[in-house]
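Engineer: Place chain B on chain A using the hints.
Number of protein chains: 2
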Amino acid sequence: MLPSPHMTRALEQAEAAAARGEVPIGAVLVQGGVVLAADSNRVIELHDPTAHAEMLVLRTAAKALGNERLDGCDLYVTLEPCAMCAAAIALARVRKVVYGAADPKGGGVDHGPRIFTQPTIHHRPEVVSGIGETRAVELLQEFFRARR
Amino acid sequence: MLPSPHMTRALEQAEAAAARGEVPIGAVLVQGGVVLAADSNRVIELHDPTAHAEMLVLRTAAKALGNERLDGCDLYVTLEPCAMCAAAIALARVRKVVYGAADPKGGGVDHGPRIFTQPTIHHRPEVVSGIGETRAVELLQEFFRARR
Chain A
1 MLPSPHMTRA
11 LEQAEAAAAR
21 GEVPIGAVLV
31 QGGVVLAADS
41 NRVIELHDPT
51 AHAEMLVLRT
61 AAKALGNERL
71 DGCDLYVTLE
81 PCAMCAAAIA
91 LARVRKVVYG
101 AADPKGGGVD
111 HGPRIFTQPT
121 IHHRPEVVSG
131 IGETRAVELL
141 QEFFRARR
Chain B
1 MLPSPHMTRA
11 LEQAEAAAAR
21 GEVPIGAVLV
31 QGGVVLAADS
41 NRVIELHDPT
51 AHAEMLVLRT
61 AAKALGNERL
71 DGCDLYVTLE
81 PCAMCAAAIA
91 LARVRKVVYG
101 AADPKGGGVD
111 HGPRIFTQPT
121 IHHRPEVVSG
131 IGETRAVELL
141 QEFFRARR
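Order-wise, the sequence lines are chains A and B.
For reference, each letter of the first sequence is one residue, going 1 to 148 in the numbering used here.
For reference, each letter of the second sequence is one residue, going 1 to 148 in the numbering used here.
Don't take each hint at face value.
Intra- or inter-copy, both count: the list cannot distinguish identical chains.
[To be verified] Subject to a maximum C-alpha distance of 25 Å in a straight line, what follows is the list of computed SDA-like cross-link-like pairs (lysine to any residue):
{"#": "1", "residue 1": "Lys63", "residue 2": "Pro119"}
{"#": "2", "residue 1": "Lys105", "residue 2": "Thr120"}
{"#": "3", "residue 1": "Lys105", "residue 2": "His47"}
{"#": "4", "residue 1": "Lys63", "residue 2": "Gln31"}
{"#": "5", "residue 1": "Lys96", "residue 2": "Ile44"}
{"#": "6", "residue 1": "Lys105", "residue 2": "Gln118"}
{"#": "7", "residue 1": "Lys105", "residue 2": "Arg69"}
{"#": "8", "residue 1": "Lys105", "residue 2": "Asp71"}
{"#": "9", "residue 1": "Lys63", "residue 2": "Gln141"}
{"#": "10", "residue 1": "Lys96", "residue 2": "His47"}
{"#": "11", "residue 1": "Lys105", "residue 2": "Gln31"}
{"#": "12", "residue 1": "Lys63", "residue 2": "Ala19"}
{"#": "13", "residue 1": "Lys96", "residue 2": "Glu126"}
{"#": "14", "residue 1": "Lys105", "residue 2": "Asn67"}
{"#": "15", "residue 1": "Lys63", "residue 2": "Arg135"}
{"#": "16", "residue 1": "Lys105", "residue 2": "Ile121"}
{"#": "17", "residue 1": "Lys96", "residue 2": "Leu46"}
{"#": "18", "residue 1": "Lys96", "residue 2": "Gly66"}
Think of the hints as simulated: they come from the structure by calculation, not from any bench.
Pulled out of the complex, with its shape left as it was, chain A reads as follows (with noise of 0.2 Å):
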């Protein structure tokens, strides 16, 4: 499957973490097919143990809009997001998670915690999975690679 624009706006914000060194994933905010907010991973530049390019791209979107509720809002990501990533998607009431690659050891919406089925989840977005999949494992595989 050919990825969104979206899809392929997040990856080109995963090439742009890479060349910072910060681990390549990328995510595009959209609301009605605009973009609010595109980011990647900022861990190791603002010393920050939350900066995933989900929570960037949540708090700028909500910001951006005044509410920190991003109703109507589609989120998309390169990489399955975490535990963390897939509560805060919950807590910002995030309509659709579209994500690239699954995974397996760090994932919390299909593997893990599965944020999303818990009983006590305020709010269920609908997930979409492997769009852009093959270029977000490779970026990911590429930066591993070379830190070994």
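Structural biologist: What follows is chain B alone, placed relative to chain A:
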């Protein structure tokens, strides 16, 4: 049990949040007896769905230390952390989490996804609960009663 000085400070932060119209939850991040950060819920003020007290002190402390890993740091928080905060606490390698009141509906440590018990988690902090519980619950009850 008498609350520790750090939990007392977290409770004061929770009170300050209530006075600002935010859900009254406070947190303190400590390293070697030194308070690196003390803050409370600012979701509404900052239009930030991730601005829970725990996330704010993790981020402030990591920035202060210039390191995204908070080795040897302990987190005091008035309510059981949600899944997002629990996962962030694990990512930040916090040594110990001391929380006041349990949160059967929204908690992610001893309820819901029980983040620290997940087989895929990279770090499991020590957890102590029930410190300052009575006052923590009282603050939340007063807050929600006034809003009903």
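Engineer: Work down the list of hints and note, for each, if the structure agrees.
Structural biologist: Here's how the hints hold up against the structure:
1. Lys63 with Pro119: neither (29 Å within a copy, 35 Å between copies)
2. Lys105 with Thr120: This pair counts as both: shortest intra-copy Cα distance 23 Å, inter-copy 6 Å.
3. Lys105 with His47: within (23 Å within a copy, 32 Å between copies)
4. Lys63 with Gln31: within (14 Å within a copy, 31 Å between copies)
5. Lys96 with Ile44: between (28 Å within a copy, 23 Å between copies)
6. Lys105 with Gln118: Both. Shortest intra-copy (19 Å) and inter-copy (11 Å) distances satisfy the 25 Å Cα cut-off.
7. Lys105 with Arg69: between (29 Å within a copy, 20 Å between copies)
8. Lys105 with Asp71: Classified as between: cross-chain Cα gap 22 Å, same-chain 30 Å, threshold 25 Å.
9. Lys63 with Gln141: neither (33 Å within a copy, 29 Å between copies)
10. Lys96 with His47: For Lys96 and His47, only the inter-copy Cα distance (20 Å) is at most 25 Å; the intra-copy one is 29 Å.
11. Lys105 with Gln31: neither (30 Å within a copy, 30 Å between copies)
12. Lys63 with Ala19: Cα proximity of Lys63 and Ala19: across copies only (22 Å, versus 27 Å in one copy).
13. Lys96 with Glu126: within (5 Å within a copy, 35 Å between copies)
14. Lys105 with Asn67: between (33 Å within a copy, 24 Å between copies)
15. Lys63 with Arg135: neither (30 Å within a copy, 32 Å between copies)
16. Lys105 with Ile121: both (22 Å within a copy, 9 Å between copies)
17. Lys96 with Leu46: So Lys96 and Leu46 pass the 25 Å test across copies only (23 Å; inside, 28 Å).
18. Lys96 with Gly66: within (20 Å within a copy, 34 Å between copies)
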